[in-house]
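Protein chains in written order, with the numbering used here: chain X, 1 to 213; chain G, 1 to 213.
Derived from the structure by calculation, the hints contain no laboratory data. Warning: the hint list may mix true and false statements.
You can't tell identical chains apart in this list, so a pair holds if it fits in one copy or across any two.
Claimed, not checked - With a straight-line Cα cutoff of 27 Å, these simulated DSSO-like cross-link-like pairs (lysine-lysine) come out:
no.: 1; residue 1: K144; residue 2: K69
no.: 2; residue 1: K76; residue 2: K144
no.: 3; residue 1: K144; residue 2: K28
no.: 4; residue 1: K28; residue 2: K194
no.: 5; residue 1: K148; residue 2: K194
In this text, all values refer to a predicted model and were calculated from it rather than measured experimentally.
Protein chains: 2
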Amino acid sequence: MAKYAKIPEATIRRLSNYLKCLGDLETKNEKVASSALIATMCNVNAAQVRKDFAYFGEFGIRGMGYNVKELKKHIKEILGINREWRIAVIGIGNLGSALLVYKDFLKQNYKIVAAFDINPEKVIGHISERVGKPVEILHMDRLKEVVKVRNVEIGIITTPPLVAQQVADQLIDANVKGILNLSPATVRTPENVKLRNLFFTSALDNLVYYLTN
Amino acid sequence: MAKYAKIPEATIRRLSNYLKCLGDLETKNEKVASSALIATMCNVNAAQVRKDFAYFGEFGIRGMGYNVKELKKHIKEILGINREWRIAVIGIGNLGSALLVYKDFLKQNYKIVAAFDINPEKVIGHISERVGKPVEILHMDRLKEVVKVRNVEIGIITTPPLVAQQVADQLIDANVKGILNLSPATVRTPENVKLRNLFFTSALDNLVYYLTN
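Can you make the complete structure from the sequences, with help from the hints?
Shown next as structure tokens:
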């Protein structure tokens, strides 16, 4: 996708946010949205919205606004989520359980096709009691085999921090393409395995910065 | 803090990430860190690290690296987390429960001082069984009163999406300063109440963009 080169990181982040808002608009059967409306919904200013969309050419019709469905499709294409991504979740505690029933994943083409824990028996009781059994919980020992058979491309780490790197290494060894680390420990990956760390504290840090400054 | 005006949003995000890495270094008793080491730990390049730190004046000593403890203190000051922030969590399902026992919050001066649910009795059984009872779960009806008495400044929303805006409105009415929304629904706040939405799908979108492009 060379035509979309050099998009600033912050724009990429906002695209994801816009997509979320466009999804909300679609749910409400809105067909057309102005940059002002999108801006209000996404907590940015309208000029920023127009500037962000300008990176990808002309989406909108001047004075008319943007076609919600078209714009959504276009952003999905840019982000690369215009196809299904197969995901494994590792560590089925509170957070892992929350992800297994997070309905927005499937809406966005993210499909959790495997879940692993060091103690699957214990987890199964907990899961079936609390949220049903959305996906079979397997023992960590089966990670490599199952990642291959089920074509898992992304692993989400929701283990305790002390074992996060070890799990990342197992995912790397199993040839996943990307890792989303939600455990409160930084992990490292080689260059060919993309990594995103998402810490709850970072979201709070960001909020607090804007509260303070 | 006028001296730190005009810091790019992306730098603010990375500061939080650097802080996390510096914490890890401190745990390992490392006193000094080079920009190269910080860069490797944080998955950015060393030039970016130096550029980011340059926004705040000279932290490092040329050829020596950065004093871990000093740098950490400085970043905390910039972000505004050099003092305690009092937090309430609303909606104690899987995700809310995960936050109540998330150890990094307290390390970072984030103190969860209240937790609310529409059905506290049900939650208390679940919580005490699974994670102990880290903070008393109160009924939503008591939100406004308790926020005032316990000086809550930030509310974290972990409810189902359908009630997220309603909960946000209650938090606004209770005079919190900021809201972190973790429910998969966009919410809106007036200008005087800062808002951050954190969607798991956005983190995946970002990962997938870099996997695709």
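Hints and how they fare:
| no. | hint | result |
| --- | --- | --- |
| 1 | K144 x K69 | neither (38 Å within a copy, 40 Å between copies) |
| 2 | K76 x K144 | neither (30 Å within a copy, 40 Å between copies) |
| 3 | K144 x K28 | neither (42 Å within a copy, 31 Å between copies) |
| 4 | K28 x K194 | between (35 Å within a copy, 25 Å between copies) |
| 5 | K148 x K194 | within (18 Å within a copy, 44 Å between copies) |
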